[in-house]
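2 protein chains.
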Amino acid sequence: MNVFTFAFAFLACSLHLSESWIVDPGPTVIATKGEVWPKPQDQEKYEEYFHLDKSQFKFSNTGKTCSLLEDATTRYYKLIEKLSSIAKKYERKIKNKKLQKGSLGGLSTLEINLINACTGLEYPSLNKEAEKYNLSIPSTSGGKAQLTADNIWGILRGLESFSQLLYINNGDVNIYLNATTINDFPRFGHRGILLDSSRHFQPLSIIYKLLDAMEYNKINVFHWHIVDDQSFPYESTAFPELSEQGSYHPTGAVYTRTDVKNVIEYARVRGVRVMVEFDMPGHTRSWGVAMPELLTGCFENGVPTNQYGPMDPSREFVYSFLNDFLTEAQQTFPEQYMHLGGDEVSYDCWETNPDLNSWMDSKGMSGDYKAVERYFMERVLAIVQPKGIVPVVWEESFVAGTKLTPETIVQVWYGGYPSLKKVVEAGQPALLSSCWYLDHLATGGDWKKYYDCDPHNFDGTNEQKNLVMGGEACMWAEVVDQNNVLSRIWPRASAVAEKLWSSYNADEYENVQKRLEEHSCRMNRRDIPAQPPNHAGFCLM
Amino acid sequence: MNVFTFAFAFLACSLHLSESWIVDPGPTVIATKGEVWPKPQDQEKYEEYFHLDKSQFKFSNTGKTCSLLEDATTRYYKLIEKLSSIAKKYERKIKNKKLQKGSLGGLSTLEINLINACTGLEYPSLNKEAEKYNLSIPSTSGGKAQLTADNIWGILRGLESFSQLLYINNGDVNIYLNATTINDFPRFGHRGILLDSSRHFQPLSIIYKLLDAMEYNKINVFHWHIVDDQSFPYESTAFPELSEQGSYHPTGAVYTRTDVKNVIEYARVRGVRVMVEFDMPGHTRSWGVAMPELLTGCFENGVPTNQYGPMDPSREFVYSFLNDFLTEAQQTFPEQYMHLGGDEVSYDCWETNPDLNSWMDSKGMSGDYKAVERYFMERVLAIVQPKGIVPVVWEESFVAGTKLTPETIVQVWYGGYPSLKKVVEAGQPALLSSCWYLDHLATGGDWKKYYDCDPHNFDGTNEQKNLVMGGEACMWAEVVDQNNVLSRIWPRASAVAEKLWSSYNADEYENVQKRLEEHSCRMNRRDIPAQPPNHAGFCLM
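Protein sequences appear in the order of chains A and B.
Following my numbering, the numbering of the first sequence begins with 1 at its first residue and continues without gaps.
Following my numbering, the numbering of the second sequence begins with 1 at its first residue and continues without gaps.
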């Protein structure tokens with residue numbers, strides 16, 4: 001009675017079982033042990049292995065240090081303790097226990113060698129060189145493991161990889177790790193997850209868990225689509241009425257400025273940038289609950305309908321408001337990039353509003369709503385650029401012909417590879433999201449479709465391909481809230497994480513699914529409710 | 001950048017907004033207040049309302065009572081306390097607070113009048129008459145609310161409805177409920193949810209929450225698909241090796257006999273039957289980890305492949321084993337019905353096994369594997385029926401022509417209405433599941449497809465339609481585990497719950513979605529992680 005069996009039979013074929021309809025007992029995909037996700041650029045792994053006893057093991061700084069490093073080792077030591085307690089839970093008495101072939105004994109130390117000084121106040125950037133690291137677990141007894149990086153962000157990525165080398169065996173109280181050397185760095189500098197906190201309010205506890213999981217996946221940008229048509233949960237000090245009136249609930253569904261600063265700090269210490277998006281001129285209906293004067297009033301047969309469309313490009317007030325609003329936002333968000341939206345601008349209301357149309361006539365834009373769209377976005381870009389903010393816009397702003405400065409990033413979401421190619425052909429930096437919409441569901445484990453997408457899968461010159469900064473998995477929140485958002489993101493976004501970090505075609509699908517089986521289980525052990533990636537399975541936790 | 005907007009635009013049209021692309025701020029669907037899910041058969045509701053102060057309110061038994069009733073009122077009083085604390089959390093000081101028009105003051109008592117004696121030891125049954133109840137909230141001040149039922153199960157259903165009449169208003173510390181009269185009973189006697197605990201082990205904590213939610217949805221059968229090919233988590237006292245070797249983990253993924261008894265008791269006191277399924281002869285690979293002699297060995301070119309197919313119908317040992325195994329199961333499960341599977345029997349292994357084929361020759365079944373399938377199921381039915389067990393089988397057993405006793409229920413899962421019609425035309429009781437597979441996913445809120453299905457949507461006589469006992473929503477667990485199983489089931493299974501309880505075409509879609517918005521939020525407040533049913537929204541909790 002189970003249609004999944006058909007899917008399974010297909011999978012079984014791909015696993016080279018000799019018969020259809022033969023199902024082996026146990027998990028569909030056997031998890032790897034101690035494999036790193038996303039796959040490192042370069043790794044040698046050996047048969048020899050250490051065990052790690054948490055009470056005998058320490059992190060030791062041999063280079064520079066700062067609070068970012070100290071916090072990180074505390075964080076990773078806690079993960080080791082957690083893994084150790086899981087191993088202990090399933091310990092069985094084993095008679096005549098002896099060291100197996102290949103054992104190098106206990107590992108006492110991971111020496112951390114940070115080359116460049118750090119103050120603890122650093123903020124992560126788009127510079128992917130900063131995440132490079134080398135990690136070495138020796139293949140001789142008594143040796144010390146070593147992690148080296150120029151930069152604190154590389155140390156963080158290396159600590160994550162170190163923590164992922166650790167594995168447990170059912171029934172055995174020890175943690176193990178194999179001798180290995182890793183030279184690693186990301187393929188793309190911008191590896192993001194977009195979370196929509198407007199269609200559903202996402203509680204802070206969920207955002208913190210999301211950030212934990214981003215660190216576990218070496219994802220380095222939290223694109224916070226913080227407001228949209230449905231609600232305005234972002235508290236502005238200068239315009240508190242926006243969230244008081246425009247949120248779902250003035251106390252139960254608002255991110256205060258303190259909340260936002262806490263999120264930014266939580267992300268920063270994990271090497272994650274927080275790029276806020278204030279989408280405009282469309283997707284702004286909730287701004288108009290408190291401030292309808294920002295929006296275009298809709299008319300029918302010349303009579304106002306009391307409905308509202310996008311921001312009104314004809315009112316100077318709108319731009320002076322945005323100047324004040326975005327100045328405050330810049331003070332709140334240390335991130336240099338700011339997403340200004342620009343997608344899905346509907347002309348329906350604009351077409352019906354007599355004042356807007358008179359203004360268009362006076363500006364020589366009669367009937368040309370695309371020109372109005374360009375006009376609006378160019379005015380907004382002219383507000384933010386003198387402040388040092390680097391804009392990010394959705395694909396439509398580029399398609400509409402908006403004048404963009406060379407550093408403005410265009411995020412491609414509906415046009416796929418052809419759009420991506422056009423953007424970089426025009427010399428504009430780009431982000432890919434088209435193939436990474438996490439709200440698109442399919443029956444069964446569906447991470448493979450995300451894994452099959454690659455930001456360089458278009459014909460282009462090296463120079464053009466270098467303009468692809470990376471991409472983002474997008475979690476629109478029409479049908480996700482605190483109950484299902486994390487299980488919907490993970491491990492599906494892990495597929496995106498690997499495409500953005502690892503080398504092109506880094507691994508065979510058969511290995512990838514085994515590593516993802518382990519990685520999902522690892523996230524579960526770390527309290528991330530990742531859903532099962534590969535059909536039937538079980539995770540010791 | 002959001003394809004949901006398109007879906008939303010479509011929804012907006014269905015909500016009769018005057019413009020496409022106009023999005024109102026706030027939730028997409030406004031929740032009702034104090035509406036009952038599933039919709040009662042008959043309800044009158046009035047403008048007048050009471051408030052309910054938890055410290056002044058009590059349940060009072062005026063009829064018979066027993067532990068089942070006492071436990072239930074304790075349970076529902078806790079839900080009132082929980083609702084009260086949520087109201088308190090959002091209380092705002094309101095000046096010049098005064099009673100609004102229609103207020104009937106405080107409600108002090110729900111009088112519960114159980115007509116028939118109960119012992120507390122009752123076990124629920126397929127008899128839908130036992131769930132009938134009347135509930136009356138008076139429309140005059142100082143009146144007492146009254147709940148009357150012949151049977152304890154009707155009282156439980158009425159208490160659930162009473163608890164759902166309660167609602168809160170944002171900012172106001174009170175709980176309210178409107179004057180109303182309800183005469184209610186279920187349309188079908190068998191309203192089930194199937195949970196697969198083999199593809200993923202579902203922890204007890206998840207099963208208890210599932211049962212809580214079943215009570216909140218008036219679902220009365222927990223169909224426990226407890227074992228399958230992948231794992232055997234069911235502990236048998238007579239054959240402990242089955243779960244020791246066939247489960248994912250002998251201590252971490254086994255339901256002990258005590259666990260099973262606790263689940264049955266937890267379900268029973270909520271008026272939920274636990275119908276176990278031991279699927280056979282297919283879907284039994286995990287039985288063969290400890291006992292390969294139960295299964296058919298597969299051959300290739302006359303040589304064993306060390307792979308196994310369905311149970312081996314040619315071995316008398318298999319039937320004597322099943323006699324012992326099912327005798328114990330009957331002692332464990334008080335439920336009279338037992339599901340014996342019979343689905344998706346693959347002939348691949350049977351075709352290759354020389355011993356089986358010799359036996360078939362000797363029985364005059366040469367080459368007729370369907371005859372072998374019938375033979376096996378008839379032997380198993382002959383084992384259980386003398387014990388008083390009433391069998392339930394999947395559609396395939398009926399299609400194969402297996403001789404079934406008149407009370408044997410056939411569960412239709414792949415053939416839809418045409419199959420359902422054939423089953424009842426043959427005079428066999430039936431359950432529908434075809435259209436209620438919860439593992440089938442679609443982008444967006446997808447409960448409507450479950451709501452559009454009805455067990456009587458086929459041409460048939462009244463006598464034939466009366467043979468439809470009800471149906472089940474099926475949660476196969478290839479891609480769900482503790483991280484996502486509850487949010488995947490709820491509120492999608494709530495759609496099924498209403499189709500099985502309420503009258504045919506009980507409500508307009510536009511009302512249904514508003515009621516489901518409230519019902520999902522109500523489940524969230526009761527710690528059931530139901531996912532959002534209707535796009536953007538917010539729940540005070």
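Careful: at least some of the hints might be erroneous.
[Unchecked claim] Restraint ranges, calculated between C-beta atoms of paired labels, are given here: (1) Thr-237/B with Gly-171/A: 20 to 30 Å; (2) Glu-293/B with Thr-74/A: 49 to 59 Å; (3) Gln-100/B with Ser-362/A: 30 to 40 Å; (4) Gly-367/B with Gln-41/A: 53 to 63 Å; (5) Lys-144/B with Asn-262/A: 26 to 36 Å; (6) Asp-172/B with Thr-119/A: 28 to 38 Å; (7) Lys-78/B with Pro-304/A: 29 to 39 Å; (8) Glu-44/A with Asp-452/B: 56 to 66 Å; (9) Glu-44/A with Glu-316/B: 50 to 60 Å; (10) Ala-442/B with Leu-204/A: 22 to 32 Å.
I should point out that these hints are in silico values taken from the structure, not numbers from a laboratory.
Being a predicted model, the structure only gives us computed values, none of them experimental.
Just so you know, even glycine gets a beta-carbon here, dropped at the ideal spot from N, CA and C.
### Task
Given the hint of 20 to 30 Å, check if Thr-237/B and Gly-171/A actually sit that far apart at their C-beta atoms.
24 Å, holds
### Query
At the C-beta level, are Glu-293/B and Thr-74/A separated by a distance inside 49 to 59 Å?
55 Å, holds
### Query
How does the Cβ-Cβ distance of Gln-100/B and Ser-362/A compare with 30 to 40 Å: does it lie in that range?
51 Å, violated
### Query
Range hint 56 to 66 Å: satisfied by the CB atoms of Glu-44/A and Asp-452/B?
Since Glu-44/A and Asp-452/B have Cβ atoms about 57 Å apart, the given range 56 to 66 Å holds.
### Query
Quick one: are Lys-144/B and Asn-262/A within 26 to 36 Å, going by C-beta?
This hint is violated: roughly 50 Å between Cβ atoms.
### Message
Assuming the hint says 22 to 32 Å, is it satisfied by the Cβ distance from Ala-442/B to Leu-204/A or not?
### Response
31 Å, holds
### Query
Is 53 to 63 Å a correct range for the gap between the Cβ atoms of Gly-367/B and Gln-41/A?
Since the Cβ atoms of Gly-367/B and Gln-41/A sit about 58 Å apart, the hinted range of 53 to 63 Å holds.
### Task
Indicate whether the distance between the beta carbons of Asp-172/B and Thr-119/A respects the range 28 to 38 Å.
51 Å, violated
### Task
Go ahead and decide if the range 50 to 60 Å is satisfied by the Cβ distance of Glu-44/A to Glu-316/B.
57 Å, holds
### Query
Honestly, do Lys-78/B and Pro-304/A meet the 29 to 39 Å range at C-beta?
This hint is violated: roughly 50 Å between Cβ atoms.
Consistency note: the structure conflicts with the earlier hints numbered 3, 5, 6, 7.
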